[in-house]
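Build out the structure end to end from the sequences listed, making use of the hints.
Top line first, the protein sequences correspond to chains E and S.
In case it helps, the numbering used here puts the first sequence at residues 7 to 94.
In case it helps, the numbering used here puts the second sequence at residues 992 to 1317.
Hints were generated in silico from the structure; no laboratory data involved.
Among the hints, erroneous ones may be present.
[Unchecked claim] SDA-like mimics (lysine to any residue), calculated; alpha carbons at most 20 angstroms apart, straight line:
1) E:Lys71 / E:Asp58
2) E:Lys71 / E:Ser85
3) E:Lys71 / S:Gly1157
4) S:Lys1281 / S:Thr1307
5) S:Lys1242 / S:Arg1218
6) E:Lys71 / S:Ala1159
7) S:Lys1281 / S:Ala1232
8) E:Lys71 / S:Arg1218
9) S:Lys1281 / S:Asn1233
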Amino acid sequence: MSERLELLESRPAEIEGVRFGVANIWERDFLDASGEQRSGLTAQLMFEDGHDEFVGEGSSVRLGKSTWSVAEVRSGPPSAALVLLRVA
Amino acid sequence: MERELVEHRETAVPAPDRDAGTGGGVPPLAARVLALQRSHGNGAVVRALARSAPPAATDADTATATWQRVQGHAFLQGAGDTGTVAANDVQQGQVGDCYFLASCAAVALTNPAYITRLIHENGDGTFRVALWDEEAHHHGFLGLGETTYTHSRWEGTLNDSFLTIGGAPRYARTSGDSDAAGANELWVMLLEKMWAFHEGRSYQRIAGGDTARTERALTAVSGVHSRSYRLDNSLSDQELANRMRNYVPGKYAVVTGIDSVPASWRPTAQSLRVVQNHVYAVEGVNGTAKTIDLYNPWGYNHLRGLPMASWRAMFTDFTMTTSPLR
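Laid out in structure tokens, this is it:
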């Protein structure tokens, strides 16, 4: 079974030494893992180094040496969250 | 987990130091300590506090996290810090207590002595840690008159055991400051642990802070009554900047909260890297540029030079101590 992480909105996280915060979950356009543009709930990942990534369901994100797939994005406090599955 | 549950049953919550306080009522959880004191004497309370089991973990925590000692000192001066207590010691973890950690940062920014007086290092891996409880006293009749506040220290002994994942603290993190022996700086983790005790012996219960709770948190750290003000359009940007310059930096401890960003402001929030549903500490104000500097309790992604107009439009309110931290 893939490793699964649920990261709540407005909180910081650290994966493999990469520090970032999950923020501002709302509807916007994003790219899925195949590079195709889609629209839907998206989280803004704010990295400590100053860059941002926008991920929605079906996106992938590289954190350290591992790659994670976005399995789910939920909106609305207090349960707004991003669910990641490690794929590689 | 069974060992921890046993410890929970055996371990009393930290007792208020009623001798050191200014009076006031008994906090709800302290009643259990007083009951233990009555039934088994002072020795039982002291023994229970010395064991100081950690606050309860959340269900999610219990599967992956473990309690570990994180050896260190309450206060260490990091490279570039002007003192042992610095706002950059505050680094939030995986619990939504930004309102509490922003309060810690705001007090550290304003007067670090208000932080150092909260923790005494016993030298044996335990720490005497205090927060402030507040009791309101209403004088007058039928809503007329005034309200005054007294504050008492809510104090107990904590050990250096914290919930960790992969050896790293799950909640508030070590500041990054360490000494030559590799010992960590722990004051933020200790205050957060004490807040978890105070709010029901659970880290889960300190998640989420509305305005009233933010006021209570700022009071708990500062020992000064705190009050919130809504941000509205009654003042111009310049007037708002001038007003805030009366408070910061170095006078009053101030934090500011933001709820969900209105749809029309989302592009701005996204580009400025403003985090919705969050609380920041107010660092300073530039009256000429009409901007405000906000410290993010994450420990990074601070908002420096945020235009007053953006602050007022996106943020909900600010909470501040009602007197300077001299």
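Hint by hint, here is what the structure shows:
no. : hint                  : in the structure
1   : E:Lys71 / E:Asp58     : 18 angstroms, holds
2   : E:Lys71 / E:Ser85     : 28 angstroms, violated
3   : E:Lys71 / S:Gly1157   : 17 angstroms, holds
4   : S:Lys1281 / S:Thr1307 : 18 angstroms, holds
5   : S:Lys1242 / S:Arg1218 : 15 angstroms, holds
6   : E:Lys71 / S:Ala1159   : 19 angstroms, holds
7   : S:Lys1281 / S:Ala1232 : 6 angstroms, holds
8   : E:Lys71 / S:Arg1218   : 46 angstroms, violated
9   : S:Lys1281 / S:Asn1233 : 9 angstroms, holds
Checked against the numbered hints given earlier, the structure breaks hints 2 and 8 and satisfies all the rest.
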